[in-house]
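Let the sequences and hints guide you as you build the complete structure.
2 protein chains.
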Amino acid sequence: MLIRPQTTAPAQAPMLEPLAHGGELAAARRMFPAAPEPFIDLSTGINPQPYPLPALRSEIFARLPDRASIRALAAVAAAAYGAPSADHVAPAPGTQILLPHVAALVPPGRAAILRTTYAEHARAVTLAGHDVNEVADADGLAHADLAIVVNPNNPDGRVVDKATLLRIAKDLRLRDGILVVDESFADVAHGASLAGEVDRDNIVVLRSFGKFYGLAGLRLGFALAAPELINRIEAVLGPWAVAGPAIEIGKAALGDNEWRQQTLNRLAMDAKRLDGLLADAGLAVVGGTSLYRLAESSNATECFNRLGRAGILVRRFAEQPQWLRFGLPADETAWQRLSDALGLN
Amino acid sequence: MLIRPQTTAPAQAPMLEPLAHGGELAAARRMFPAAPEPFIDLSTGINPQPYPLPALRSEIFARLPDRASIRALAAVAAAAYGAPSADHVAPAPGTQILLPHVAALVPPGRAAILRTTYAEHARAVTLAGHDVNEVADADGLAHADLAIVVNPNNPDGRVVDKATLLRIAKDLRLRDGILVVDESFADVAHGASLAGEVDRDNIVVLRSFGKFYGLAGLRLGFALAAPELINRIEAVLGPWAVAGPAIEIGKAALGDNEWRQQTLNRLAMDAKRLDGLLADAGLAVVGGTSLYRLAESSNATECFNRLGRAGILVRRFAEQPQWLRFGLPADETAWQRLSDALGLN
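The listed protein sequences derive, respectively, from chains Y and S. In terms of my numbering, the first sequence opens at residue 3 and continues consecutively. In terms of my numbering, the second sequence opens at residue 3 and continues consecutively.
Since the hints were derived computationally from the structure, they do not count as laboratory data.
Cβ pair distances, simulated, as ranges:
(1) S:Ala191 - Y:Gln264: 51 to 59 Å
(2) Y:Asp163 - S:Ala74: 42 to 50 Å
(3) Y:Ala283 - S:Ala74: 34 to 42 Å
(4) S:Arg175 - Y:Asp139: 45 to 53 Å
(5) Y:Glu304 - S:Asn259: 48 to 56 Å
(6) Y:Ser300 - S:Arg69: 25 to 33 Å
(7) S:Thr166 - Y:Lys172: 53 to 61 Å
(8) S:Thr166 - Y:Trp261: 51 to 59 Å
Some chain S residues near chain Y, calculated using beta-carbon distances under 10 Å:
(9) Pro50
(10) Ser60
(11) Phe63
(12) Pro67
(13) Pro95
(14) Leu101
(15) Pro102
(16) Gly212
(17) Gly219
(18) Leu220
(19) Gly240
Treat the numbers as computed from the prediction; the structure is a model and nothing was measured. For each residue, glycine too, the CB sits at the ideal point set by N, CA and C.
This is the structure we're talking about:
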């Protein structure tokens, strides 16, 4: 689904604080002190039904993770994501912490980011010394030293097709540029992934573990790239970047194809159910993935506040005040409370 | 205890691979395939009796850590380490991952590292673009742009006193230089810590959580510095650098003064017991802290191999082949096996 960003909105408007990121329940509780508890957090794109935690030996917490276990995790991740080999995978404590490192793979120059998207990319790229240019369509990426695409995009779910991305990567190579594809939500859009193409030497794919597997607190993510780039990323992360519990849980979850398939089916059904609710409430669903849905309404602010007073936090956007992003309710109680808060009962 | 590094040894000799770092049991098992199991790992300076793991709510793994919980951890860490306030503390997924970021706080220039010490500092400083100079005494640090001291030092336990460090920091300030004090083992040498001095604007103290608390797999460490430097470090780490389990366990452990005092007492007794064993075995104890002891012997290689064949891994040093570093045995079985392997029974 392709959503054109509204060109009338300022490209770099400050985000609303303190709700700039999803997941800030503490701030929501201050904002809506009379809301019923428990607060329901629909402000993230995190699967609300996590991968079941395996029993963890205490040794996993006590010992330094050894290289063999990190490489075993890389091998499982390569298979799950479709990367050519474990040598094409750098495990990290989340994709977030990778952003400045990946941006520093090319010397400071011109960075282009396909807008409107996750604000942390612009911040990380600026930290790495690049000039940032937010572009409205994929063709605008080809003239940069560092091009960044979130695919599928957050929040609108826009997908840039593989052929277009590979053409951009080819153009970028002419000036030793790198294409970064943030595939944080690509678990639910597997066909769009460039994971299988990273042996080309100027593509870096970022994969988030915590969103699809519902374990964002674990802090686990991956860079997929040609081995030379992986070596540079791993050098700056150092030998013990990933925690023992993340290694163990990551290996179990990424190797569990049955859970993945069941979860893909469930998320698709739940996204459809959510679309139905939002439509019934008069909110136009204009994009998203099966981990989150983007709704548009001229009454978005009023709706945000109504939901907040009912103890439900959704994601709003300073740049696009007509948008609200909804994550999936975790259980029937949450579905019911959302339905009630939307005035549907 | 002050150990003069041997000036005849090359300052930057390559470390032995694959045993360059402590904790590589998998490599040890390949090296000594007939050794009895379980292998006993004495190759690290990690407390072998960890802080008892509290029960962890599954939400800790599922949700993105929010800013309030990170700042609560920073406040507990500030109190435990003696930093002026939570604003002087940046929590991180281990101190290791902080090293290149801290090195990048000053523009590429001359870095001086007090030798002989933990090899990762030279590597991280080089990554940040500095020329590295390993110096033999603390006075050699004062003419750098970035000066690095591990205090107490690993592996020899050398302690540089606070007055000397503060004088160096003052000299460094003349050229906008920064003093980095790696206090990874300072829990057992509290009087030497510069944590209370970090409001001076050019001192960064690094504190490791995992070593003293015996939870190295958790990946938790801290930078302590003036708030302006903390803000720069936190900007590059991003908003979710530390995992939920690390936040929860860190808060509980760092706030537990009773456990800390009991552990200080136990470690001191165990270090004394280890010194006795090593002396009985004809190994001269030449330094260390109560988390590890450094022994010297002309038969160090033979001793390393004898211990390895008995299923006990200790730490050796390519630059100082006469040295062996011993961590503390975890329990009576391990003490007995060490004693046997040293030929004492």
